[in-house]
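Chains as they are written, first to last, in our numbering: chain G, 118 to 402; chain Z, 118 to 402; chain E, 118 to 402; chain B, 118 to 402; chain S, 118 to 402; chain F, 118 to 402.
What the hints contain is simulated information worked out from the structure, not anything from laboratory work.
Keep in mind that the hints are not guaranteed to be accurate.
[Stated by the list, open to error] Distance ranges between label pairs, derived from CB positions:
#1 F:R303 x Z:E159: 41 to 49 Å
#2 S:T167 x F:R351: 50 to 58 Å
#3 Z:G331 x E:G364: 32 to 40 Å
#4 S:L126 x Z:Q157: 16 to 24 Å
#5 Z:E129 x E:T167: 32 to 40 Å
#6 S:T167 x Z:E129: 38 to 46 Å
#7 S:A154 x E:G364: 44 to 52 Å
#8 B:G364 x F:Q161: 52 to 60 Å
#9 Z:Q161 x G:T369: 42 to 50 Å
#10 Z:T345 x G:I193: 29 to 37 Å
#11 B:T167 x E:R165: 19 to 27 Å
Virtual Cβ for every residue (Gly too), placed ideally from N, Cα, C.
6 protein chains.
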Amino acid sequence: MTGAALHALQYEPIVRRALEEDLGRAGDLTTDTLVDADTQAEAQVVARETGRVAGLEVAMAAFRLLDPAVAVECFIADGERVVGAVTLAHLSGPARAILTAERVALNLLGRMSGIATATARAVVACQGTRAKVVCTRKTAPGLRVLDEYAVRAGGGGNHRFGLDDGILIKDNHIAAVGGVDTALARIKARTGHMVKVEIEVDTLEQLDVVLALGGVDAVLLDNMSPETMAEAVRRVGGRLLTEASGGITPDTVAAVAASGVDLISLGWLTHSVRNFDVALDFRYR
Amino acid sequence: MTGAALHALQYEPIVRRALEEDLGRAGDLTTDTLVDADTQAEAQVVARETGRVAGLEVAMAAFRLLDPAVAVECFIADGERVVGAVTLAHLSGPARAILTAERVALNLLGRMSGIATATARAVVACQGTRAKVVCTRKTAPGLRVLDEYAVRAGGGGNHRFGLDDGILIKDNHIAAVGGVDTALARIKARTGHMVKVEIEVDTLEQLDVVLALGGVDAVLLDNMSPETMAEAVRRVGGRLLTEASGGITPDTVAAVAASGVDLISLGWLTHSVRNFDVALDFRYR
Amino acid sequence: MTGAALHALQYEPIVRRALEEDLGRAGDLTTDTLVDADTQAEAQVVARETGRVAGLEVAMAAFRLLDPAVAVECFIADGERVVGAVTLAHLSGPARAILTAERVALNLLGRMSGIATATARAVVACQGTRAKVVCTRKTAPGLRVLDEYAVRAGGGGNHRFGLDDGILIKDNHIAAVGGVDTALARIKARTGHMVKVEIEVDTLEQLDVVLALGGVDAVLLDNMSPETMAEAVRRVGGRLLTEASGGITPDTVAAVAASGVDLISLGWLTHSVRNFDVALDFRYR
Amino acid sequence: MTGAALHALQYEPIVRRALEEDLGRAGDLTTDTLVDADTQAEAQVVARETGRVAGLEVAMAAFRLLDPAVAVECFIADGERVVGAVTLAHLSGPARAILTAERVALNLLGRMSGIATATARAVVACQGTRAKVVCTRKTAPGLRVLDEYAVRAGGGGNHRFGLDDGILIKDNHIAAVGGVDTALARIKARTGHMVKVEIEVDTLEQLDVVLALGGVDAVLLDNMSPETMAEAVRRVGGRLLTEASGGITPDTVAAVAASGVDLISLGWLTHSVRNFDVALDFRYR
Amino acid sequence: MTGAALHALQYEPIVRRALEEDLGRAGDLTTDTLVDADTQAEAQVVARETGRVAGLEVAMAAFRLLDPAVAVECFIADGERVVGAVTLAHLSGPARAILTAERVALNLLGRMSGIATATARAVVACQGTRAKVVCTRKTAPGLRVLDEYAVRAGGGGNHRFGLDDGILIKDNHIAAVGGVDTALARIKARTGHMVKVEIEVDTLEQLDVVLALGGVDAVLLDNMSPETMAEAVRRVGGRLLTEASGGITPDTVAAVAASGVDLISLGWLTHSVRNFDVALDFRYR
Amino acid sequence: MTGAALHALQYEPIVRRALEEDLGRAGDLTTDTLVDADTQAEAQVVARETGRVAGLEVAMAAFRLLDPAVAVECFIADGERVVGAVTLAHLSGPARAILTAERVALNLLGRMSGIATATARAVVACQGTRAKVVCTRKTAPGLRVLDEYAVRAGGGGNHRFGLDDGILIKDNHIAAVGGVDTALARIKARTGHMVKVEIEVDTLEQLDVVLALGGVDAVLLDNMSPETMAEAVRRVGGRLLTEASGGITPDTVAAVAASGVDLISLGWLTHSVRNFDVALDFRYR
């Protein structure tokens with residue numbers, strides 16, 4: 118997969134918090150009552166549907182953080198495609214730890230692989246066009262690093278990681294300064310040299326104004342029909358990056374891609390996640 | 118809505134973390150560059166589809182935590198049904214704070230209302246039956262308090278809040294002790310008096326064994342056909358609570374409910390959330 | 118010991134906080150001034166009175182978290198009885214780390230073993246009766262997981278781990294809704310299936326009302342004389358669990374147990390802890 | 118009371134953690150089910166035995182942190198003596214918040230007042246002597262700021278707040294450098310000018326050596342009989358502060374004080390706390 | 118000042134941590150011993166040298182976070198120039214809080230104003246040239262948001278806020294892929310559309326290669342003489358942004374600026390801060 | 118070096134926070150794009166100027182915390198003097214981790230060695246006098262443990278670690294009680310036996326009053342000329358420790374030391390740090 122790696126330093130606090138909320142104040146009542154502390158077990162982490170895996174290392178950290186005695190071997194890298202029932206990882210160690218951390222691990226793996234799988238579906242739908250699939254800031258609260266990593270694992274790209282990561286001018290911003298020209302002038306005067314600038318336009322007329330003014334790196338074509346987008350792409354003529362946005366789903370993305378835009382952003386990838394079906398097959402030794 | 122309230126003490130750390138991840142190290146470059154610090158604005162938080170609202174107070178806390186000068190008035194309570202485009206809340210105050218916290222607020226409200234709306238849909242599908250809709254521990258990592266609250270707002274109930282909140286005996290647990298009888302004996306001997314006990318069965322034969330042994334409060338009927346469930350309910354005869362589980366969705370829940378079970382648990386409610394469509398209508402003063 | 122285990126994930130933040138408050142900003146001035154960094158030592162953790170040990174692993178984590186080079190060997194499991202002076206664990210490694218972490222380790226071990234020892238004393242006093250000794254939520258702020266674990270190590274049981282762990286209806290709750298009948302009806306309608314319900318009664322008349330209404334799993338007999346409790350147990354006739362509560366100490370618990378109640382809860386076990394006498398015997402290598 | 122005040126900045130994280138551990142993931146099931154959100158109530162915080170109050174402001178913060186709508190009026194200052202049943206504070210506001218935060222507030226107030234009361238008892242026992250009562254580092258893990266503040270409220274003093282707060286040389290330290298003379302020389306050479314130095318002696322012979330060497334501010338007389346202590350005080354002759362230590366309790370402190378020592382340190386004050394009896398009298402408005 | 122604002126959400130944890138480390142476990146022994154709790158005072162925060170103020174609101178938060186009863190009025194905005202002794206803010210409220218928070222407040226204000234003043238000096242030195250002064254990632258650990266904000270207050274700009282905020286290719290990166298061409302091709306293929314790309318060159322030959330290859334937004338001229346830089350600027354001819362870097366100080370910045378570069382980055386601004394002289398003038402009421 | 122060691126428990130949270138702020142939400146875009154995950158490398162940490170090293174272990178923890186696979190070997194101990202270009206440590210392991218953690222490590226090492234070097238310079242300037250160089254509480258917010266440790270590494274001593282670490286009476290404190298005599302009486306009555314007392318005097322007249330009253334361990338001579346200080350030292354005559362303070366720098370410290378004071382405190386050591394020049398020499402394997 119392309120893009121930046123995810124460091125344990127970044128995901129371990131999230132996994133730890135998930136374990137803490139599941140252990141509560143008294144831990145796993147069922148397992149600790151029924152399974153002796155010295156019972157050993159093995160388990161397979163298995164995918165039960167076709168898609169892209171993401172977050173395997175993140176998810177497996179749940180076992181390791183609960184009990185370092187659990188040995189984990191992963192058979193697949195994040196971003197790889199699995200077809201049908203596939204064993205993703207093998208666990209061996211104390212039965213208690215494997216049973217106790219199971220739900221947290223599967224919750225992480227199911228969500229992240231769900232995002233990667235949806236992303237890959239959108240990427241496939243765009244094949245043969247120049248369109249690159251990217252996500253938005255519509256991520257689950259506190260989970261942006263995981264959500265955006267999962268998009269990368271699915272073959273997509275990221276947009277801004279946060280509000281301090283590039284300029285994206287929307288109509289509400291323009292209204293505040295009185296016009297696109299003033300807005301762009303102010304941006305030009307005050308923005309750092311490592312900051313890219315994108316502006317949202319809703320109509321071809323607005324696009325023409327932006328093209329005349331210049332000073333932006335990309336233009337976001339918001340909620341346009343594929344036909345209007347195609348005309349927008351034609352008018353831009355390669356001078357700026359063009360990005361399509363607004364309620365696009367994996368079902369509608371192909372039509373959008375055909376308009377010739379450079380980028381298509383889908384909030385859907387991270388705000389409407391369908392869980393990827395994963396499970397744990399367990400065996401006592 | 119029924120069930121326990123959500124305290125600011127519980128949700129504020131989550132909202133704060135979401136703001137921090139969006140502000141990053143340098144805050145909202147676009148807004149702070151284009152909008153003056155003393156510009157005032159008003160905004161409406163609007164629902165743009167039909168469903169159940171949840172998390173309005175949680176989401177509005179994003180504005181308050183970013184800038185206490187933002188005044189918020191809510192027009193609707195969590196758990197209420199909205200039809201079509203409805204104004205949920207009114208904001209007024211510094212334009213910068215409203216623009217900067219917008220995405221975090223909408224991410225929270227969209228996810229929580231999405232859960233509540235899906236829950237309400239399942240609850241409606243069960244009307245006329247005795248079945249109560251409940252969620253599972255398949256929640257987003259670190260967001261369990263929000264996810265389970267949203268289920269309550271949608272009219273559903275919660276199952277265990279975590280591993281220390283009741284006993285739920287699964288086949289992997291039984292395998293560890295060698296048999297259902299030993300498992301139940303051990304549970305009886307070692308479990309606190311405030312702890313309820315539920316056991317998972319996959320077949321009617323297993324159910325018969327449990328019924329013969331006694332000592333549990335509820336039985337979880339896992340991945341059975343509606344017909345088998347109906348037979349299971351008949352055999353239980355009201356002596357225990359019966360819970361249906363296993364891949365149930367709002368589309369299939371009605372058929373399951375018709376079997377006569379007391380409870381239906383759907384991981385789907387929280388692991389495959391579809392965002393509820395909410396937006397901010399903004400106006401400078 | 119019975120009941121759930123304590124995970125390092127749960128106790129390490131507490132041990133770490135205790136070390137941080139003892140190290141302050143400049144660490145162990147005395148030890149670092151007088152003992153060279155490469156001096157090695159051995160030490161024995163010894164019990165100096167008869168009782169039950171709890172928290173040995175938790176306490177030993179203080180050495181490990183301060184310096185992983187300290188090797189620890191434990192000779193006794195939590196919950197075991199020690200008579201007179203007994204060596205509980207052996208330490209070897211850098212002398213500085215052993216001297217610096219000593220007080221934090223002994224504070225943890227002394228408090229937890231004190232709770233376990235008092236619990237065991239109450240359990241012994243109830244032998245020959247059906248009464249099980251349980252603790253309450255009267256724990257030291259922030260230390261509930263340790264305190265309740267120590268009670269389990271002493272042979273006692275836990276009551277609710279927190280406010281979200283079962284329903285316990287007191288008179289102030291009943292007053293809010295106007296009567297026991299309304300209260301129980303509301304509980305029945307709104308409470309999850311994994312939640313047990315207990316109600317506090319102060320008089321036999323209140324008990325009769327509860328018995329007539331039904332709908333609870335247990336009844337808490339508050340501040341009754343042993344005679345009244347015996348009569349209460351007779352009236353309940355095994356239909357509900359009976360719990361005695363209210364100012365009971367290890368000195369008075371036997372008389373209460375003789376009344377035939379199922380459970381006796383003692384706030385005393387965790388709110389009035391007497392330290393168990395432990396020490397470190399130190400030797401340079 | 119004398120000594121430093123306790124800042125909200127220092128105690129609020131402790132109170133918040135205590136509330137979080139009691140609320141768990143789902144909050145106060147009982148109260149939220151039975152008491153409506155708009156029900157108002159009043160309550161009195163009452164002492165039910167004679168002693169010293171400590172931590173009233175800390176404890177009342179539990180109500181305020183849970184719900185700022187709870188108004189609190191305190192009638193007594195930390196460190197004051199109460200005789201019999203006395204109203205300490207008055208609460209008014211949302212009934213839910215008062216009921217939900219009650220246990221956390223009483224746990225804080227009961228523990229801190231228990232420490233203050235025991236301290237005051239020891240202080241009274243020393244009246245007429247020159248002995249000042251001080252505590253040790255044997256505090257509950259993570260609660261040192263509260264425990265040591267409560268000692269001050271009871272009229273006692275603090276010893277070192279932590280390992281970086283003064284030099285206290287024990288026999289294990291001396292063994293590491295080979296002798297008292299080397300130890301004191303090293304301390305003199307390496308210790309900051311704001312750091313006081315105390316040394317522990319077990320015998321009069323050791324005391325004579327220390328007196329001959331000089332270079333310390335205080336001498337800790339460990340586990341000596343009152344007679345030996347009196348002789349030690351005589352030999353010191355006012356040149357150094359003398360401190361008695363070792364298994365002293367409020368019962369034995371008077372005899373120790375009679376020996377003429379300047380200070381008596383009791384680990385007992387904080388490691389074997391008996392809860393002070395406080396309660397909440399509740400009334401709906 | 119231009120650039121993004123600093124939110125209380127971002128700086129309050131830093132101020133709180135600074136207060137906690139100064140209060141330690143027992144708070145301000147001197148003030149609490151000598152000043153009564155109800156003593157009121159007024160104080161002026163004064164600058165005692167000429168320069169730029171930054172962090173006034175951040176620093177004043179120390180008083181407010183310690184005690185909300187301290188009223189603060191600021192007379193100057195961050196980024197403004199002060200000449201000689203100037204009153205920056207007025208405080209009134211409890212004397213204890215003002216005395217206790219004084220050092221933390223002045224430490225914050227002195228450091229941030231020191232950075233702003235040094236930045237302003239470099240900005241002045243560049244006047245009349247096209248060069249913009251920017252900082253680097255050489256900030257104090259954990260204080261980047263404050264340090265970079267102070268640079269903005271001094272009239273400078275920021276470079277990357279962190280490793281995820283733009284691409285900056287150095288020689289060690291190029292060595293890993295075998296050549297500039299491969300490096301730039303990989304960047305082009307894998308980098309998000311909101312990410313700017315800068316590359317470091319040490320010689321004019323390397324610059325020529327980069328210019329021939331294209332695909333970058335800016336070129337960092339590292340450790341070149343002003344003459345070589347002037348030649349580099351000439352060769353670039355406005356096609357890319359040019360940035361000078363490498364051991365530049367306010368003393369040498371003018372000569373660098375004369376070379377015609379667009380940007381000059383100085384690690385010096387944040388890694389070698391000279392405190393700006395501020396003080397508190399105190400008066401009891 | 119003398120004085121207390123720094124524990125990983127104390128510095129790791131600071132290093133972790135520094136890594137987190139540099140990684141941001143998406144990690145090292147440049148390195149992860151250009152360097153393969155399995156590329157191995159070696160690197161030397163080198164000093165590039167003459168001075169004292171401090172924080173080498175702290176800085177190297179950045180590599181270890183990012184990736185435990187990085188092996189670190191240090192060739193020099195904190196506090197040692199290095200002349201010219203010297204290799205301080207050797208790193209080997211994953212190239213990505215070494216490149217990604219480089220800046221955080223160098224920021225730590227550069228700041229801490231800068232403090233140690235300035236301290237050593239002041240210590241050298243005092244050679245041949247009785248004056249000991251100490252720092253103040255003018256440290257970077259949140260970094261006091263590192264800053265004060267670096268002073269010790271440079272051969273200096275610490276003053277108070279915080280407000281709870283000794284009494285330091287200033288004129289504002291005296292004004293609150295009405296006079297030096299009342300202030301000293303109150304301190305004597307209320308201060309713990311492990312607490313040293315120092316008082317600030319601005320004139321010889323104030324010094325005479327303090328000498329007449331007694332009851333302090335040290336006197337801080339604030340902003341006096343070297344001549345006045347010499348007279349002050351003469352008047353004190355060895356009865357108290359004398360400390361010089363007020364705007365002293367390494368350039369002026371020698372003249373102050375010649376006055377015969379026992380201690381000289383320099384805020385300059387930590388509030389105006391000049392970075393020590395360190396770098397990473399990198400080589401792929």
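Outcome of the hint check:
no. : hint                        : result
1   : F:R303 x Z:E159: 41 to 49 Å : violated, 56 Å
2   : S:T167 x F:R351: 50 to 58 Å : violated, 38 Å
3   : Z:G331 x E:G364: 32 to 40 Å : holds, 36 Å
4   : S:L126 x Z:Q157: 16 to 24 Å : holds, 20 Å
5   : Z:E129 x E:T167: 32 to 40 Å : violated, 48 Å
6   : S:T167 x Z:E129: 38 to 46 Å : holds, 43 Å
7   : S:A154 x E:G364: 44 to 52 Å : violated, 37 Å
8   : B:G364 x F:Q161: 52 to 60 Å : holds, 57 Å
9   : Z:Q161 x G:T369: 42 to 50 Å : violated, 28 Å
10  : Z:T345 x G:I193: 29 to 37 Å : holds, 35 Å
11  : B:T167 x E:R165: 19 to 27 Å : violated, 33 Å
Consistency note: the structure conflicts with the earlier hints numbered 1, 2, 5, 7, 9 and 11.
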